[in-house]
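Peer 1: Spelled out from the first residue to the last, the chains are:
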Amino acid sequence: MSKPIPTDRSESVFEDYKHEYDAKQALIEANRCLYCSDAPCTQACPTHIDVPEFIRKIATGNLKGSARTIFEANILGMSCARVCPVEVLCVGDCVYNQMGVPPIQIGKLQRHATDRAYEQGWRFFEAGAPTGKSVGLIGAGPASLAAAHELRRLGHACTVYEKRPVIGGLNTTGIAPYKMRADRSVQEAQWVLGIGGVQLETGVEVGKDLTLAELEKKHDAVFVGVGLGPDTRLGVPGEDLPGVHGAVELIERLKLGKLELSGVKSALVVGGGNTAIDGVRELAGLGVPSVTLAYRGAEAQMPGYRHEWLAAREVGVAGAFHAVPIGFEGNARVERVRLVRTDAQKKPIAGSEFTLDAQLVLIAIGQSTLGQMLSGLSGIGVQNGSVVTDAAGATGRKGWFAGGDCRNGGKEVVNAAAEGKAAAQAIHRHLGGKDA
Amino acid sequence: MPDLSTNCGGIRSPNPFWLASAPPANSGAQVQRAFDAGWGGAVWKTLGVPIQNVSSRFGAINYSGTRAIGFNNIELITDRPLEVNFKEIYETKKKFPKHAVVVSLMVETEEEWKAIIKRSIDAGADGLELNFGCPHGMCERGMGSAVGQEPKVNERITSWAVEYSTVPVLVKLTPNVSDILPHGLAAQRGGAHGVSLINTIKSIIAVDIDRFVPEPRVGSLSTNGGYCGAAVKPIALHMLARLARSDDFSIPISGIGGITNWRDAVEFMLLGASSVQVCTEVMLKGYRIVEDMIEGLDEYMQSHGFQTLDQLIGKAVPAYSEWGDLDLNYETIAKIDEKKCIGCQLCVVACHDGAHQCIHPAKESPGATATRVPIVDESECVGCNLCKIVCPVPDCISLVPVDNGFAPASWNQHLTGGATLRPKKGAH
Chain D
642 MSKPIPTDRS ESVFEDYKHE YDAKQALIEA NRCLYCSDAP CTQACPTHID
692 VPEFIRKIAT GNLKGSARTI FEANILGMSC ARVCPVEVLC VGDCVYNQMG
742 VPPIQIGKLQ RHATDRAYEQ GWRFFEAGAP TGKSVGLIGA GPASLAAAHE
792 LRRLGHACTV YEKRPVIGGL NTTGIAPYKM RADRSVQEAQ WVLGIGGVQL
842 ETGVEVGKDL TLAELEKKHD AVFVGVGLGP DTRLGVPGED LPGVHGAVEL
892 IERLKLGKLE LSGVKSALVV GGGNTAIDGV RELAGLGVPS VTLAYRGAEA
942 QMPGYRHEWL AAREVGVAGA FHAVPIGFEG NARVERVRLV RTDAQKKPIA
992 GSEFTLDAQL VLIAIGQSTL GQMLSGLSGI GVQNGSVVTD AAGATGRKGW
1042 FAGGDCRNGG KEVVNAAAEG KAAAQAIHRH LGGKDA
Chain L
6 MPDLSTNCGG IRSPNPFWLA SAPPANSGAQ VQRAFDAGWG GAVWKTLGVP
56 IQNVSSRFGA INYSGTRAIG FNNIELITDR PLEVNFKEIY ETKKKFPKHA
106 VVVSLMVETE EEWKAIIKRS IDAGADGLEL NFGCPHGMCE RGMGSAVGQE
156 PKVNERITSW AVEYSTVPVL VKLTPNVSDI LPHGLAAQRG GAHGVSLINT
206 IKSIIAVDID RFVPEPRVGS LSTNGGYCGA AVKPIALHML ARLARSDDFS
256 IPISGIGGIT NWRDAVEFML LGASSVQVCT EVMLKGYRIV EDMIEGLDEY
306 MQSHGFQTLD QLIGKAVPAY SEWGDLDLNY ETIAKIDEKK CIGCQLCVVA
356 CHDGAHQCIH PAKESPGATA TRVPIVDESE CVGCNLCKIV CPVPDCISLV
406 PVDNGFAPAS WNQHLTGGAT LRPKKGAH
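Chains D and L, in that order, give the protein sequences. Sequential numbering from 642 applies to the first sequence in my numbering. Sequential numbering from 6 applies to the second sequence in my numbering.
Okay, chain D solo, but in the shape it has when bound (with noise of 0.2 Å):
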């Protein structure tokens, strides 16, 4: 079972950046919608749900359809809805664009549909006659949720292991709030574990309490849905004093519990990333006055989306270009860090050190790989950190599996939702399975 998450949480004060619809402003949505075909949105979407026909169901008032039609190209629809980056997937390929037309809001589209269906109680999908197969999964994230979910609907039986105490993965403990709130995240899991079937051990890590060879023995397959590690490290002088924290160990505290951030005046988040973004959003929305992001490149260098800077830019955030840290200072804590000018390839410039105040700092250069808590199986190779598989999941070695960050290095919860998946149809299949 999952632990039940604290109701008190910091993440709690924040409110939706994107609006829900309510049932008036859906339909005059779904209405503009062209319902092209072949359509450049599913093909956009990495579960390729089908776009047009969902919105064209909750313009007729078929919204359990609707629902349906979304849920059986990608079971995290949902979350999805709330957390992809709509920009630059489905809604960035709308035709509409090409028009000079603002683009149908597939996002909001998707997340009344699937609101409704959460809310009215609507399940589409029942667990297959059992094969007699049994299939472990590593990690309660996206990944393996989607795998386990077909999994099921092919009747094989499941077990998921999770190191947490809750479920849902960087579901539960790392989507910006103002995004999806852990709560909703961890509904969602026990939603898609509603299927039935599926036996859930938290608290149980893998390689730790459970060895991979017992796990082999165990089970007929085994998918891989571990995610990614701890915040990656500057490794600068400092970096231990209390009040520097790595990104994603910091979110997930105010995910999950409460932040104590009342000494707070200034605060640096070190990165470019999508992460580094959330962080800053995060901190200026818990109060924090003055909130800074220093990267190592210039402005339009950010891997992270721009529409998420602008948004980040809109509630007056900072940005420090052309800066990395060099060490952090301070007495009992941290209170001043100092920075190093880079130039144009992001190197440093000698003399060019000066300083920042802050009392509170987030790490958010990424984070470290899992893949080699694999390397004692023979045939399953590393790369760069990620396991390596053919498109459908398979690794080198035979019945092992794997899906999402571990496998991509780190891509969105539609990444590891279709990866999911298709390692789950991949499983079937190599446990004798049919096509389904």
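Mixed in with the good hints there might be a few duds.
If you want a taste of the chain L side facing chain D, the calculated C-beta under 10 Å gives, among others [unchecked claim]:
(1) Arg-293
(2) Leu-351
(3) Arg-377
Calculated from the structure, these hints are not laboratory results. These numbers come from a predicted model, not from an experiment. Beta carbons are placed, not taken as given, at the ideal position from N, Cα and C, and that holds for glycine.
Given chain D's structure and the hints, the job is docking chain L onto it.
Peer 2: Leaving out everything else, chain L in the frame of chain D:
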């Protein structure tokens, strides 16, 4: 500046835009506000023996989020006392002497017709419109469309009205007939100075799928009503043109049916209407729509060099012909402007499922490219127009004439003179 002044069967108005006999022309205060807004005339809500109405009375058909593309009603003629109506007609005419106030009438016996016509003219009516069209309620009592569907009755009552009237008489025709011509001719034989068409079409607008009752719902029952609004325009245009091009029919026509804007009005006039009447769009949007109607018509006339309405009335009638006279050798093919195409591929799916399977996705065509601009297989395209109809981008798809080397030839010419027809396309 073009002259918009109008003469329909001897009824004159400053412009051709009249309120049709319906709720927007129910009272003096309404008609006067309409005239202030710019309407050139009004056909007063039908007078007769005042009735009792039901609630609700209106229903609508929505399409893809657009509300009320079609409309229907089960309201009857005026429910206000006749003396109140006549007093308000008098006041309105006093205040607006140059505007057309036409009084719509519906009674049963000759004596009743004689009396109500006299009272209408005494009140200042510029013309009368005989309501032979109402397809609900009144027809069950032997009036309205029950009259309009019987040419002999139509002719007889028309002749009474013409005899007792000193002002022009229009006969409002019902579209609930298989052919409008005998009914227009009956009115003409009766001496009418013009006809108005169409009245509403007998209809059930919708069914409440949870209560299992048609709409509009009156308690637990409903009844058929009169269909109108934008969606009925094609039916009205056909009936209008059917009369306008008949050699036997020669009296003016006031056009009615789905007119929502100046473009619709121009279409009606080009097919022979001398004035146009509007109800539904006013009910939905208010009298204010007339500003754009006047301005749009004015600009249209200037752009074509028309000085008076006579120059455009009926101008498209000669081009309305029999199918058998159409040129079978006239050939067009679809061209897609790749600069304008947004890649929605609606033309592809429409052509594949609804036409001749000749527009293909670029990726499935020889020499496939990444473009989403579809490819038209010109050897198969029959020039049907469906792609252009579904394309959401204005002027992206055009139907371009092809010089196929064949002289024009119609089916009739082919039958009678053996004219050579081009080989059929897409007929394999």
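Peer 1: Is the interface hint satisfied for Arg-293 (chain L)? The criterion is a beta-carbon contact with chain D at less than 10 Å.
Peer 2: Violated: closest Cβ of chain D sits about 24 Å from Arg-293 (chain L), beyond 10 Å.
Peer 1: Using Cβ atoms only, decide whether Leu-351 (chain L) comes closer than 10 Å to chain D, and label the hint accordingly.
Peer 2: Where the cut-off is 10 Å and the nearest Cβ of chain D is about 6 Å from Leu-351 (chain L), the hint holds.
Peer 1: So, as I understand it, the hint says Arg-377 (chain L) touches chain D; can you test that by seeing if any CB pair is closer than 10 Å?
Peer 2: holds, 7 Å
Checked against the numbered hints above, the structure violates only hint 1.
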